[in-house]
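Asks: Here is how the chains run, residue by residue.
There are 2 protein chains.
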Amino acid sequence: MQREKLKQAAQIIKNENIDMWLTLVRESAMNNDPVLPIISSVDFTALSAVMVTKDGRSAVLAGNNDAEGIRQTGIYDKIIVYGDDFRHALADMLDKNHVSTLAVNYSIEDVASDGLSHGLFLLLQDVIEISASKPKLISAEVIISKLRGIKSQTEKKLLIQSIETAEKIFQDARGFIREGVTEKQIHEFFTARTKHYGVLPSWQASQCPGVMLGPQSVPGHNAPTEITACKGDVMDIDFGVLQNGYCSDLQRTYYILGDGEDRACEEVQRAFDTLKEAIKRTKEYMKPGVTGEEADAAARSYVVSQGYPSWNYALGHQVGRMAHDGGMVLAPKKSHNKSRVEQPMEEGMVFTLEPGIATSRGYVGLEEMVYITRNGAEFLSTPQQEIYLLASDSPEHQG
Amino acid sequence: MQREKLKQAAQIIKNENIDMWLTLVRESAMNNDPVLPIISSVDFTALSAVMVTKDGRSAVLAGNNDAEGIRQTGIYDKIIVYGDDFRHALADMLDKNHVSTLAVNYSIEDVASDGLSHGLFLLLQDVIEISASKPKLISAEVIISKLRGIKSQTEKKLLIQSIETAEKIFQDARGFIREGVTEKQIHEFFTARTKHYGVLPSWQASQCPGVMLGPQSVPGHNAPTEITACKGDVMDIDFGVLQNGYCSDLQRTYYILGDGEDRACEEVQRAFDTLKEAIKRTKEYMKPGVTGEEADAAARSYVVSQGYPSWNYALGHQVGRMAHDGGMVLAPKKSHNKSRVEQPMEEGMVFTLEPGIATSRGYVGLEEMVYITRNGAEFLSTPQQEIYLLASDSPEHQG
Numbered sequence: 001m002q003r004e005k006l007k008q009a010a011q012i013i014k015n016e017n018i019d020m021w022l023t024l025v026r027e028s029a030m031n032n033d034p035v036l037p038i039i040s041s042v043d044f045t046a047l048s049a050v051m052v053t054k055d056g057r058s059a060v061l062a063g064n065n066d067a068e069g070i071r072q073t074g075i076y077d078k079i080i081v082y083g084d085d086f087r088h089a090l091a092d093m094l095d096k097n098h099v100s101t102l103a104v105n106y107s108i109e110d111v112a113s114d115g116l117s118h119g120l121f122l123l124l125q126d127v128i129e130i131s132a133s134k135p136k137l138i139s140a141e142v143i144i145s146k147l148r149g150i151k152s153q154t155e156k157k158l159l160i161q162s163i164e165t166a167e168k169i170f171q172d173a174r175g176f177i178r179e180g181v182t183e184k185q186i187h188e189f190f191t192a193r194t195k196h197y198g199v200l201p202s203w204q205a206s207q208c209p210g211v212m213l214g215p216q217s218v219p220g221h222n223a224p225t226e227i228t229a230c231k232g233d234v235m236d237i238d239f240g241v242l243q244n245g246y247c248s249d250l251q252r253t254y255y256i257l258g259d260g261e262d263r264a265c266e267e268v269q270r271a272f273d274t275l276k277e278a279i280k281r282t283k284e285y286m287k288p289g290v291t292g293e294e295a296d297a298a299a300r301s302y303v304v305s306q307g308y309p310s311w312n313y314a315l316g317h318q319v320g321r322m323a324h325d326g327g328m329v330l331a332p333k334k335s336h337n338k339s340r341v342e343q344p345m346e347e348g349m350v351f352t353l354e355p356g357i358a359t360s361r362g363y364v365g366l367e368e369m370v371y372i373t374r375n376g377a378e379f380l381s382t383p384q385q386e387i388y389l390l391a392s393d394s395p396e397h398q399g
Numbered sequence: 001m002q003r004e005k006l007k008q009a010a011q012i013i014k015n016e017n018i019d020m021w022l023t024l025v026r027e028s029a030m031n032n033d034p035v036l037p038i039i040s041s042v043d044f045t046a047l048s049a050v051m052v053t054k055d056g057r058s059a060v061l062a063g064n065n066d067a068e069g070i071r072q073t074g075i076y077d078k079i080i081v082y083g084d085d086f087r088h089a090l091a092d093m094l095d096k097n098h099v100s101t102l103a104v105n106y107s108i109e110d111v112a113s114d115g116l117s118h119g120l121f122l123l124l125q126d127v128i129e130i131s132a133s134k135p136k137l138i139s140a141e142v143i144i145s146k147l148r149g150i151k152s153q154t155e156k157k158l159l160i161q162s163i164e165t166a167e168k169i170f171q172d173a174r175g176f177i178r179e180g181v182t183e184k185q186i187h188e189f190f191t192a193r194t195k196h197y198g199v200l201p202s203w204q205a206s207q208c209p210g211v212m213l214g215p216q217s218v219p220g221h222n223a224p225t226e227i228t229a230c231k232g233d234v235m236d237i238d239f240g241v242l243q244n245g246y247c248s249d250l251q252r253t254y255y256i257l258g259d260g261e262d263r264a265c266e267e268v269q270r271a272f273d274t275l276k277e278a279i280k281r282t283k284e285y286m287k288p289g290v291t292g293e294e295a296d297a298a299a300r301s302y303v304v305s306q307g308y309p310s311w312n313y314a315l316g317h318q319v320g321r322m323a324h325d326g327g328m329v330l331a332p333k334k335s336h337n338k339s340r341v342e343q344p345m346e347e348g349m350v351f352t353l354e355p356g357i358a359t360s361r362g363y364v365g366l367e368e369m370v371y372i373t374r375n376g377a378e379f380l381s382t383p384q385q386e387i388y389l390l391a392s393d394s395p396e397h398q399g
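Just so you know, the protein sequences line up as chains A and B, in that order. Heads up: the first sequence begins at 1 in the numbering used here, then just goes up one per residue. Heads up: the second sequence begins at 1 in the numbering used here, then just goes up one per residue.
By construction, these hints were calculated from the structure, which means they are not laboratory data. There are no misleading hints in this set.
Only pairs whose alpha carbons sit at most 35 Å apart, straight line, appear in this in silico DSBU-like list of lysine-lysine: (1) B:134 to B:78; (2) A:134 to B:136; (3) A:134 to B:338; (4) B:283 to B:157; (5) B:276 to B:231; (6) B:184 to A:156.
Pairwise CB distance ranges, derived in the manner of DEER restraints: (7) A:333 to B:226: 55 to 63 Å; (8) B:197 to A:161: 27 to 35 Å; (9) A:172 to B:192: 27 to 35 Å; (10) B:200 to A:172: 23 to 31 Å.
Glycine residues also receive a C-beta, built at the ideal position from the N, C-alpha and C atoms.
Starting from the given sequences, assemble the full structure and let the hints guide the process.
Replies: Take a look at the structure:
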């Protein structure tokens, strides 16, 4: 997997006319560069440099204690062990490779491309000072954004597996949720099913799933509470699993039927239908070349046109090894995200679409995952078509 | 725990006459600051600032989606939610607190104090530009180094638990290792016992334990191989567990008896005795005020005086939430570690002592853990006094 990704990186570097991409790390178990798991399968315990050059070759400059472990992985074309002086050893590498444009992992806007610590940036300045080639530093954002964003067929399959497992657990929950259960109990149920399927939660366990039950619950990233399901409550569950290194991230809407009800109340139903339609329209609009800002506007303008307020977060984000996988994002332009929303989508990218509407019965949320094809977009998840109705007196409404 | 550590941080800040300590993060599940688990129990999903001021108060500037989850933790005195403009919100915080000296997490030498990414450093420069107070930036290395290094009594107890569990597993292995077992089988045995005790490996699972068996095995951080235990082989096992958030890191020496042997061969025995004596002498030398360079020299000069070469790595490192816990280190001074080896040790710090000697029968290594008291040092581990002798034809030599 890492060797494949390094080949992909070399191709991107060549296309972008960059001489070398350098990932500089040390004691990576403590302070990781988020791109490292994509290009290495071991932790480094000393100052180390992972290099990809535009001739398609990869190399690691490593401490002597790490060298054998790196060699065992078989990932890199070359492993060079330095003695006491990392700075001169790295300067030599820059000079030998005639590097005049050097891409390193920093970005003001994209966390996934911002793995270089400021201390190591200062060290790198020393290295450039003593090098003969004195390369120009540029951000590796364009490399990392494509490398993480554009999924191989293997990666796409792994994402679908992870989605299918999460969808099974959402279905399992229909047999458990009923009047009287608390947010905490629902969280425990999902946690037990996650273990049952031998997978991990897609993000921080205490907040995965996020359970937003009824009008008292606070939307967003927080832990479940003692809030109890009552007749007429709507509930949004935000959940995903990490399976074989890849994540899913979905939201599903459940409704506790009131006495005599055989469908959700009109207010909730209309909100759900609006979200479903917004996702459908946006998915039909998405294709290579569409920017994140444009995709966000497509969904947001539809929801607002139906008389609802605009939600105060992004329409969607990429998914991969992390639930929020960095790079391009589907959101309105703000001071801090310009490069992330102006980027055009490309074939092979995977996004969530997750608009939401607050109602008097609770928060209604829907989140689907889509894959960008050559000419359009396709759902990776199976879109929720109907609210999951739950009878207040039985595990599931049979109507 | 985090609230206690924030109080400790406030005290350090006051003593150092720093106005504010700022930890700047975003999407911390992807790109973590290594100090974050010490001062937060949740992941952040948006740009966030954790602040400690010299009046002893803590605050978080958080995105609206994270605020409720942060409030639930009860860790901070104040939570401020910003809208769209993080930069101005943070500049306001600096101005309101009259901050003229601002400590942030960067360090060329200490990875544990270098959690600020270069992209966020650039963003912080913008914030300072728009602030009225225009604070001077300094490295938070002095804060983080003390915060991580000086253990509370609770932390000391947790470290001892973690050591005791690792020691049990080292003892269990004496009933398993014999002539004919491979490095991989030994690794599997330790992995199974680690699971049995309900704990995790102290570092990367594939290299924990590190097994260095016989003269062919490569010392350092690498995965076990098919190398098989033969009569007369000496073996070093480098292992520790992560239990309740705290790590152990120890090395033990085993010897496969040859035909007719009832003790290790003289070459191995003499190397072992030399290491044991070096550790004992160094432990007796250590006390508050001794520098890392001095402690390293105490052990190294003794081993060299016995006719052995100097080993090419540090004598020891600190241990805490990580097996290599950053900050002060016991090592010879080099171009990249000046601030880390010139620092004096303080009461409450925990170090490994791990010299090693290569012999014709394999690598002999010993690693103990010591705690710095007011007047000296005490062992947290139970020092290995004798080589663990293993009969070649039975699980353990009974002599």
